[in-house]
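Listed in order, the protein sequences are those of chains A and B.
Numbering of the first sequence is given in the working numbering, commencing with residue 24 and proceeding in unit increments.
Numbering of the second sequence is given in the working numbering, commencing with residue 101 and proceeding in unit increments.
These are calculated hints, taken from the structure and not from any lab test.
Honestly, I wouldn't trust all of these hints.
Unchecked claim - Below, in silico cross-link-like pairs of lysine-lysine (DSSO-like), each with a Cα-Cα straight-line distance of 30 Å or less:
(1) A:K196 - A:K248
(2) B:K193 - B:K274
(3) B:K273 - A:K101
(4) B:K193 - A:K230
(5) A:K196 - B:K166
(6) B:K274 - B:K166
(7) B:K166 - A:K101
(8) A:K230 - A:K248
(9) B:K166 - A:K248
All of these numbers come straight from a predicted model, not from anything done at the bench.
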Amino acid sequence: MMPTNNKKLLEQEPGEIEALLPWHAAGTLSARDTRRVEEALARDQSLAVQYAAIREEYAETIALNESLGAPSSRAMTKLFAAIDAEPARKPSMSLGLSTAIAEFFSKLSPRALAISAAVGAVALLLQAGVIGAILAKQQAGSFQTASLSGPRDTAVRGPGQETGPRALVRFAKDARISDITAFLDANQASIIESMTGGMFRIQFGDKPMSRQEFAGLMTRLQSEKIIELAAPAQ
Amino acid sequence: LSGTQAASDDILIARIAQGDRLAMQVLYGRHHVRVFRFGLRLVRNEQVAEDLISEVFLDVWRQAGKFEGRSAVSTWLLAITRFKALSALRRRKDAELDDDAANAIEDMSDDPEVAVQKKDTSEALRKCLTQLSSEHREIVDLVYYHEKSVEEVAEIVGIPGNTVKTRLFYARKKLADLLKAAGVERGWP
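Throw the hints in and build the complete structure from the sequences for me.
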């Protein structure tokens, strides 16, 4: 038999909708939950009374926090003194990619917003992954592949004699920056250029590869989950 | 926090990972007040809360390269702030300046009953909000002030989503009890 105290506690547990009321007040519920809560509020008077109390709590919590003021400039001074004392960092290949993609996205953002019928839809895309959003928007137009025929040399190299081979790559819509940076690190690759059609020109290593090695690389790229399309490039 | 700002925060973090000091300044300017207020509500000491900000953003500077973008930058910041605040509170406890002492310091102003005598229910409510336990305070602030979803609060506090919901429910019940004791009836519970 359940001890009385536990039973009492269980009786005090909030109902499923009741527990969501504070998030409804704050406007942070999903569209589905918002609808469920609104329907429940319309038919349950006691829930509506509780919701009114929650709205008061919500307003006063904001007022209380806003009354706390702001920190003095001492905090910022201290922070940047500490940052200046940090050892200089070497830019890494993968972080360079993150920045490139992020910058790329920032350039597209106004256009994406203009295309989108609702800003909320864009927000959802963003939550699903920054990369996904970039590529999804980029792929709206038609796409033509660059030359798919490989170089005729026995060794495959980039434009410079001592550079690694290059490929055109389009990442999957749901690929995240972390996935892409991990992929680049694993392949000693770096992004050379972002192109139309959501494509990126990527260089692999800094040494030429034999045709056989390059063919193996292309096969691997095409089987990568985060890559939608890969083709040899100059 | 809009989706656009969340994406823009991601860009800043990517630049910070590259050692971009200006990006750090922008991110700091955008979030330091909320970080400060969240920290202050937990540690209840302005000096300590200011020190927290420097520590939190210095962590961001150092760890930006490891940020995977699986959560919003603001959620990440609040999680770091909470961790630092709890560490600061533990250090203070060691120095026998625990949370109770902090409560005592804060309670030197009007108590809720006095506030109601002034016919100011809002003020009583704010007063009672400061009297919640730190566990209840943080969850109330995260949901109402920092506008965090159930999942985000779960990530920041490190508890399951269902516990987030029940904890906020109990925080609200405690708040209602405090208000009732102060003579404020709101028809719930």
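Now for the hints, and whether the structure bears them out:
1. A:K196 - A:K248: Holds, at roughly 11 Å.
2. B:K193 - B:K274: This hinted pair holds, its Cα atoms lying about 25 Å apart.
3. B:K273 - A:K101: It is violated: about 41 Å lies between the C-alpha atoms, which goes past 30 Å.
4. B:K193 - A:K230: Not satisfied, since the Cα-Cα distance of roughly 59 Å exceeds 30 Å.
5. A:K196 - B:K166: Holds. K196 of chain A to K166 of chain B sits at ~22 Å (cutoff 30 Å).
6. B:K274 - B:K166: violated (39 Å)
7. B:K166 - A:K101: holds (23 Å)
8. A:K230 - A:K248: Measuring from Cα to Cα gives roughly 26 Å; hence the hint holds.
9. B:K166 - A:K248: holds (22 Å)
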